[in-house]
Every structure is written in C-alpha cells, then in structure tokens.
Amino acid sequence: MGTRSDGLDLLYIDRHLLHEVTSPQAFEGLKIAHRQPWRRSSNLATVDHAIPTTDRSNGVSGILDPIAKEQVITLDQNCREFQIEYFDLLDERQGIVHVVGPEQGATLPGMTIVCGDSHTSTHGAFGALAHGIGTSEVEHVLATQCLVQQKSKNFKVEVTGSLGPGIYAKDLILALIRLIGTAGATGHTIEYTGSAIRKLSIEGRMTVCNMSIEGGARAGLIGVDDKLVEYLEKRPFAPKGAMWQRAVDYWFTLNSDSNAVYDQEQVLNVSEISPQVSWGTNPEMVVDIDATIPAPSDFEDANSSEIAERALKYMGLAPGMAVKDIQLDKVFIGSCTNSRIEDLREASKIVKGRKVASRLKGAYVVPGSGLVKRQAEREGLDEVFKNAGFEWREPGCSMCLAMNDDRLFPGERCASTSNRNFEGRQGHQGRTHLVSPATAAASAICGTLADVREFM
Amino acid sequence: MRNTAFPVFTHHVGVVVPLDRANVDTDQIIPKQFLKSIKRTGFGENLFDSWRYLDEGSIGKTDRVINPAFILNDPRYKDASILLARRNFGCGSSREHAVWAILQFGFRCVLAPSYADIFYNNSFNNGLLPVELEESIIDRLFIEASQSSPTTVSVDLPQQTIRSSAGIEATFDIDSTRKQRLLSGMDNIALTLEHKSLIEDFEVEHKQQMPWLFSD
Ligand code: SF4
Chain A
199 MGTRSDGLDL LYIDRHLLHE VTSPQAFEGL KIAHRQPWRR SSNLATVDHA
249 IPTTDRSNGV SGILDPIAKE QVITLDQNCR EFQIEYFDLL DERQGIVHVV
299 GPEQGATLPG MTIVCGDSHT STHGAFGALA HGIGTSEVEH VLATQCLVQQ
349 KSKNFKVEVT GSLGPGIYAK DLILALIRLI GTAGATGHTI EYTGSAIRKL
399 SIEGRMTVCN MSIEGGARAG LIGVDDKLVE YLEKRPFAPK GAMWQRAVDY
449 WFTLNSDSNA VYDQEQVLNV SEISPQVSWG TNPEMVVDID ATIPAPSDFE
499 DANSSEIAER ALKYMGLAPG MAVKDIQLDK VFIGSCTNSR IEDLREASKI
549 VKGRKVASRL KGAYVVPGSG LVKRQAEREG LDEVFKNAGF EWREPGCSMC
599 LAMNDDRLFP GERCASTSNR NFEGRQGHQG RTHLVSPATA AASAICGTLA
649 DVREFM
Chain B
7 MRNTAFPVFT HHVGVVVPLD RANVDTDQII PKQFLKSIKR TGFGENLFDS
57 WRYLDEGSIG KTDRVINPAF ILNDPRYKDA SILLARRNFG CGSSREHAVW
107 AILQFGFRCV LAPSYADIFY NNSFNNGLLP VELEESIIDR LFIEASQSSP
157 TTVSVDLPQQ TIRSSAGIEA TFDIDSTRKQ RLLSGMDNIA LTLEHKSLIE
207 DFEVEHKQQM PWLFSD
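First to last, the protein sequences are chains A and B.
Numbering-wise (the numbering used here), the first sequence opens with residue 199 and increments by one.
Numbering-wise (the numbering used here), the second sequence opens with residue 7 and increments by one.
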C-alpha cells in the first residue's frame, strides 16, 4: 500500500480474524494507548483454542477451568467493548477460526488476511494472501488496519499426477513437507499449482495450504478457478447480486502469469504415494504406512541422526519396527487441518459398520464448527461414529493443542489428523502420529496405525 | 501514549547458554497451558517448561521438580542472558508468548544459524535481538560455551558484530529498518499512524475498486 518513514512497507489488511488466546494482550494495548479499531467491520472473532468440547449448554459459565474461563470472558468483553462481530460459545457459527472464516465467505480471493495464529495460511486456498501474526501485530492491525511487512520470496510447488484410492490432501502435504523439510520454505510464500491441486476439493486445498507453515512458509496460495467460485457463492459474507458478478470477474484476473518467475521451485508427483504417517517429533519426520521406522544411521549428517535419535527416544520407537505394528492409545479426528465436512465423510466411510478397537482409551471426532457439526448430523455421520465407539464432541481446537481437557497423558500414543507432532503438543509427554482422517479412522478400528487401503 | 514500546537494544554483554537442539519450536519455548493467561508478563518462569522441570507445569504452580540434566539448570549458566541455539529456532505456532518468555527469563539476545519467520518478526516487536550467524561460527560458539568456565559474548548492534571472551569474532546481517527499530524502541503503531492520511486515501480507492470488501 505504501512505505513508512522508516522504509518499511505497509500492507493494508482486508480481513482480521481473532480468537481468545492471542488477542487479550492486544486489546489491552489498545486500551492503554486509548486507541480504537481502525475498521471494525474487517474484524471477525470466535472462540476455539481453550474451550471445552463437552456439553456447552451452560455457555461460558459451564467452563470449569477458571483460567480458560477468564480468557473467554475477556474476549466476550473486548468484542462487546470494541463492537467486533463475534461468534461466541453458544453461537452455531462458532468453531475453529480457520474453518469459520471460509465457511462464512469471510475469506475471499484477493483479500489480505491475518490472524494471530500460524495456520492462517489455510485461507490461501481461496487465492487470498493470508499470514499468521504475533500479538503485537494483532494490536497493530486493530489500530491501523495495516501490517508492517517484509516482502517474501516465491516458492512454486507443482503437484502432478493423481491421488490413488485411500490417499488424500493430507498425504499430499505430508509427502511435500517430508521432501522439502520443516524449514524448506522459510521466508517464502508457497504457490501450489499443477493438475493434482486443481483436482482437489476446496476442503482438500485448505488442508494443503494449512500445513504450509509446517514447511516453513508463512503463507500458501492456490489460484482461483470455477470450483472455488462455486464454493463461495451464497455464503453469508460473500458479495451478492451485481456485486457478486463484479467480484468474480475481478477474481479471475488474480492468477499468476504462466511465465511468472519464482525464487524456488519443486515438483511432486503424487500418483505413486502411499498413505503418509509421521513417526517423529516434527512434521518432516514422515514415512509411508507400509514402511518401517528409520534408524538414526539412515540420516546423512551427524546433526540429523542426533535429532532422529532424540525423536525415537521421545516417541518410544525402535528402528526397523513396522509402522503398522505401532499400537495406539487414542485417535483424534479434528483440527483446522481436517475437521471439515469432507474429512468427516471420508472417515465415516471407513468407520461405518465397524467398531473402535477395545485397546483404545479414547477415540474422538471434533467437528471444525457448529455448522459442520449440524451438517454431519443431518447426514447421520454422528451416528456412524457413535455406533463405532467414537465420542462426538462440540467444535474447537481440542486435542490439536490440548489447551483444554482433551489431551494425551504421559506416554500415550495418538493417531491424529492435526498438523503438529512436536513434543508435548497433544499433552505432556504425549506421542503424536500425524495422518489423514481416513487413516485415523482405519487406525481406530485396528488399534494400531493402519493402511486405509486395506479397508477399501 | 507509550513512546518506546520496549527497552532499546544497542550493546549487550552476557553469559551464553548453549541449547544444542535444532528446530526448537514455540510449543517447547512456552507450552500451551501457559497461553491461557491474558497478561503479557509472568512467562519467564515457564520458559522451556517441559525441559526445565520433570513434573508437568501449570499456571501459578510452585514447588517444581527441577530437571538437573537440562542446560538452563546448570549452575554454570545461571547468569546467562544470551541464548545460543541451532537452526530453525522458533518454528511452529505464532505465539508471541514465546518471545515474552525468553525476554522475561532474562535473555536479551539469541544467536542461531536461522529462525522461523514469525518468531523472527515477533522478536523485533519486543526488543529481543535474534542474531543470525553462519553455521560454522555457531559450531565454534557451541564448543566455547560448553567449556567448564562459561563464555561471555559481547553483541554490538550498531556495528553488527559479536565477539566472544575467547576471541571468536563475527559480523552479522540485519535489515536496516529492523535494526533501527531495536535501537530506537519506537512504538510501531505510532510510527504507522504518522501515515494516517496515506491509509485513509488508500482505503477510499480500495473501496471504489473492490466495494465487496467493505460491508460498512
Ligand atoms: S486446530 Fe490446532 S492448529 Fe488449528 S488453530 Fe486450533 S490449535 Fe491451531
């Protein structure tokens, strides 16, 4: 938009999404400095991270954890005081911020979008430039509608081929991170192109863009096509009538030129990939479901073998062991990576008519939003899951980061559709294996990590 | 109005503690249970909580079981104010609480070969200097900092140099505007608001071109 007196560029922000965890200190900063939000209507808030996913009928007063409760009340108050549109705990539109924005049509092509959350990259699936920001930046965006921005480099990822049966967007992105590494795209915005990306549903594209940050990129982008426009039409925040047509015409002008130059490029053919599973403590530590656990000596440099050794120890795994022999304690289907209706449909197909293995201490399905939950219930998916022995929960981040009571206990092992397998991410000393919703479902039935292709 | 957002950074001399792990993520720097706080302070106690303590931490919990094997608990480094780290430091979640925890523990500066973008950016909004050094320099600093008597490093931001007590010297790159921000400690919001009319003009034009982005 323009350059500041100190030489830094200002980027005008069209949409600012807020949640309870990274906003309280920003609102407090505004109050101390007697500042007001620059453009209230650009902001949209919801609660997701710290809330319980069990019965909500008592609203905020039903939150048992006093500290989480205070955080939710603080967001309630801040939204009221600063007149910001807010989907509270009792609102059916409430859900994980990255599920809610797109679902409402609050995420549109060509927008600049920020949120105090690293998975804001999800919104790039809509041809929007979407970044995660820190709390100081949340305050800055509230007060000025701008973000101080350093231009990032471009990284083109061309995904070719076709996903085979039992292979999904989640496997695609895990395979990519395995290839480029967790810092592979640091300083870059990834643009995903290629026939395999075009063939993905909008939900699948969100799954891919969501995990761009796990490859080090602050943002991931996918160009506009008819499928996207169809997805957006008639969503509550999307333009209507004559304005809709005008917007659509503009959106199609946004795509990159075919001769665009990139700072880095990578091609990935997904025709041959298997279901992917993480074995270690960062999202590049990934293997095929039918493989064995690697040994530290499989890694070239001393540094990487040391990292692998530490990860194996934390995960309680021995080199050479078959991935499919790894026994689980819990299964989690949810998070902003995989909690949309399509994810639940795919998982339910595997679960239907089967039972969760008796060795599991818990199997959870946590829809991404109240509207996803309602849709799934209309389709009878809740019954499929419940009949199999899954718990059917209220929407939120839940066991993706375990800020509420949904978590792993020390030593417990989980197949999870979330995006991070860091030490302790799902609970102190918990062990996470990142997988697709279908793989999670198959694993819940087997009680071990399982090859979903054997269920098809 | 706040004139400076944080204490300015010009020079710093301090003891270096070597944290020998790559890809240290913000979930490790400050685990999720501490993010429930609505305050900006009080995070230093729980920096690297699941490594520093053997018991599981929660907000306000005292009586902790210290993990003697963790480097920050080594008496050699009790006065450390510079954190030496490996590549891709600060990856993962965008939580600025990670930077607050590092500062509130008493660090003013991190030395590493590379950082994750959001963490790097958050550092400058709080007065923490993340110095990016070549891997070979970092390796040498690790050796020096792991000796029985602790090493100190002197960081000179205006000159963009570091020098260790045993004589390792290096220069580092830093974007000039970011450098300026640490040196001045200026309130970022006040700086942007100096350009109020620029933003307003842009907004008018933007609204004409893309009216569907404005519901008001
Ligand atoms: S679901 Fe997980 S990754 Fe997504 S916003 Fe919530 S905590 Fe973050």
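It should be emphasised that the hints constitute simulated quantities derived from the structure, not laboratory data.
There may be inaccurate statements among the hints.
Listed below are the simulated EDC-like cross-link pairs for lysine to aspartate or glutamate, each with C-alpha atoms no more than 20 Å apart in a straight line [to be verified]:
id : chain 1 : residue 1 : chain 2 : residue 2
1  : A       : 229       : B       : 181
2  : A       : 553       : A       : 581
3  : B       : 185       : A       : 283
4  : A       : 511       : B       : 140
5  : B       : 202       : A       : 589
6  : A       : 550       : A       : 577
7  : A       : 349       : A       : 274
8  : A       : 511       : B       : 26
9  : B       : 67        : A       : 268
10 : B       : 67        : A       : 263
11 : A       : 351       : B       : 138
12 : A       : 349       : B       : 61
13 : B       : 45        : A       : 226
14 : A       : 267       : A       : 603
15 : B       : 45        : A       : 268
16 : A       : 511       : B       : 61
17 : A       : 559       : A       : 540
18 : B       : 185       : A       : 447
19 : A       : 351       : B       : 26
20 : B       : 213       : A       : 447
21 : A       : 349       : B       : 62
22 : A       : 354       : A       : 283
23 : B       : 45        : A       : 589
24 : A       : 229       : A       : 263
25 : A       : 349       : B       : 26
26 : B       : 67        : A       : 486
27 : B       : 185       : B       : 140
28 : A       : 351       : B       : 179
29 : A       : 584       : A       : 253
30 : B       : 202       : A       : 207
31 : B       : 45        : A       : 577
32 : B       : 45        : A       : 274
Predicted model, so just to flag it, every value in this text is computed and none were measured.
Evaluation of the provided hints:
1. Taking the CA atoms of residue 229 (chain A) and residue 181 (chain B), the gap is about 31 Å. The hint is violated against a cut of 20 Å.
2. Restraint check for residue 553 (chain A) and residue 581 (chain A): satisfied, since their Cα atoms lie roughly 12 Å apart, inside the 20 Å limit.
3. The suggested pairing of residue 185 (chain B) with residue 283 (chain A) is violated, with an alpha-carbon distance near 37 Å, which exceeds 20 Å.
4. Distance restraint check for residue 511 (chain A) and residue 140 (chain B): the Cα-Cα separation of roughly 29 Å exceeds the 20 Å cut-off, and the hinted pair is therefore not satisfied.
5. Of the supplied pair hints, the one linking residue 202 (chain B) and residue 589 (chain A) is violated, its CA atoms being roughly 51 Å apart against a limit of 20 Å.
6. For the given pair, residue 550 (chain A) sits about 13 Å from residue 577 (chain A) by alpha-carbon distance, which is consistent with the 20 Å threshold.
7. For the hint linking residue 349 (chain A) to residue 274 (chain A), the alpha-carbon distance of about 35 Å lies beyond 20 Å, and the restraint is violated.
8. A C-alpha spacing of about 16 Å is found between residue 511 (chain A) and residue 26 (chain B), which places the hinted pair at or below 20 Å, so the restraint holds.
9. For the hint linking residue 67 (chain B) to residue 268 (chain A), the alpha-carbon distance of about 18 Å falls within 20 Å, and the restraint holds.
10. For the given pair, residue 67 (chain B) sits about 15 Å from residue 263 (chain A) by alpha-carbon distance, which is consistent with the 20 Å threshold.
11. Annotation: proposed proximity of residue 351 (chain A) to residue 138 (chain B) holds, straight-line Cα distance about 18 Å (limit 20 Å).
12. Pair hint residue 349 (chain A) plus residue 61 (chain B) does not hold up; C-alpha atoms about 43 Å apart against a cutoff of 20 Å.
13. A hinted pair counts as satisfied when its Cα atoms are at most 20 Å apart, and residue 45 (chain B) with residue 226 (chain A) qualifies at roughly 9 Å.
14. Proposed proximity of residue 267 (chain A) and residue 603 (chain A) is supported: the alpha carbons are some 13 Å apart, at most 20 Å.
15. A threshold of 20 Å between alpha carbons decides the hint, and for residue 45 (chain B) with residue 268 (chain A) the separation of about 11 Å falls inside it, so the pair holds.
16. A threshold of 20 Å between alpha carbons decides the hint, and for residue 511 (chain A) with residue 61 (chain B) the separation of about 18 Å falls inside it, so the pair holds.
17. Between residue 559 (chain A) and residue 540 (chain A) the CA atoms are separated by roughly 26 Å; this puts the pair beyond 20 Å, and the hint is violated.
18. At roughly 43 Å between alpha-carbon atoms, residue 185 (chain B) and residue 447 (chain A) are farther apart than 20 Å, so this suggested pair is violated.
19. Proximity of residue 351 (chain A) to residue 26 (chain B) is assessed by CA-CA distance (about 29 Å); at most 20 Å being required, the pair is judged violated.
20. For the hint pairing residue 213 (chain B) with residue 447 (chain A), the CA-to-CA distance comes to about 16 Å; that is within 20 Å, so the pair holds.
21. Restraint check for residue 349 (chain A) and residue 62 (chain B): not satisfied, since their Cα atoms lie roughly 40 Å apart, outside the 20 Å limit.
22. Proximity of residue 354 (chain A) to residue 283 (chain A) is assessed by CA-CA distance (about 36 Å); at most 20 Å being required, the pair is judged violated.
23. Our distance criterion of 20 Å between C-alpha atoms is broken by residue 45 (chain B) and residue 589 (chain A), whose separation comes to about 34 Å.
24. A distance of roughly 26 Å separates the Cα atoms of residue 229 (chain A) and residue 263 (chain A); the hinted pair therefore is violated under the 20 Å criterion.
25. The straight-line distance between the Cα atoms of residue 349 (chain A) and residue 26 (chain B) is roughly 31 Å, outside the 20 Å bound, and the hint therefore fails.
26. Note on residue 67 (chain B) and residue 486 (chain A): the hinted pairing is violated, with a Cα-Cα distance of about 41 Å set against a maximum of 20 Å.
27. For the proposed pair residue 185 (chain B) and residue 140 (chain B), the alpha carbon gap of about 19 Å is at most 20 Å, so the pair holds.
28. Our distance criterion of 20 Å between C-alpha atoms is met by residue 351 (chain A) and residue 179 (chain B), whose separation comes to about 18 Å.
29. Taken as a hint, the residue 584 (chain A) and residue 253 (chain A) pair is honoured in the structure, with Cα atoms around 16 Å apart against an allowance of 20 Å.
30. A distance of roughly 14 Å separates the Cα atoms of residue 202 (chain B) and residue 207 (chain A); the hinted pair therefore holds under the 20 Å criterion.
31. Between residue 45 (chain B) and residue 577 (chain A) the alpha-carbon distance is near 43 Å, which puts this suggested pair outside the 20 Å criterion.
32. Annotation: proposed proximity of residue 45 (chain B) to residue 274 (chain A) holds, straight-line Cα distance about 16 Å (limit 20 Å).
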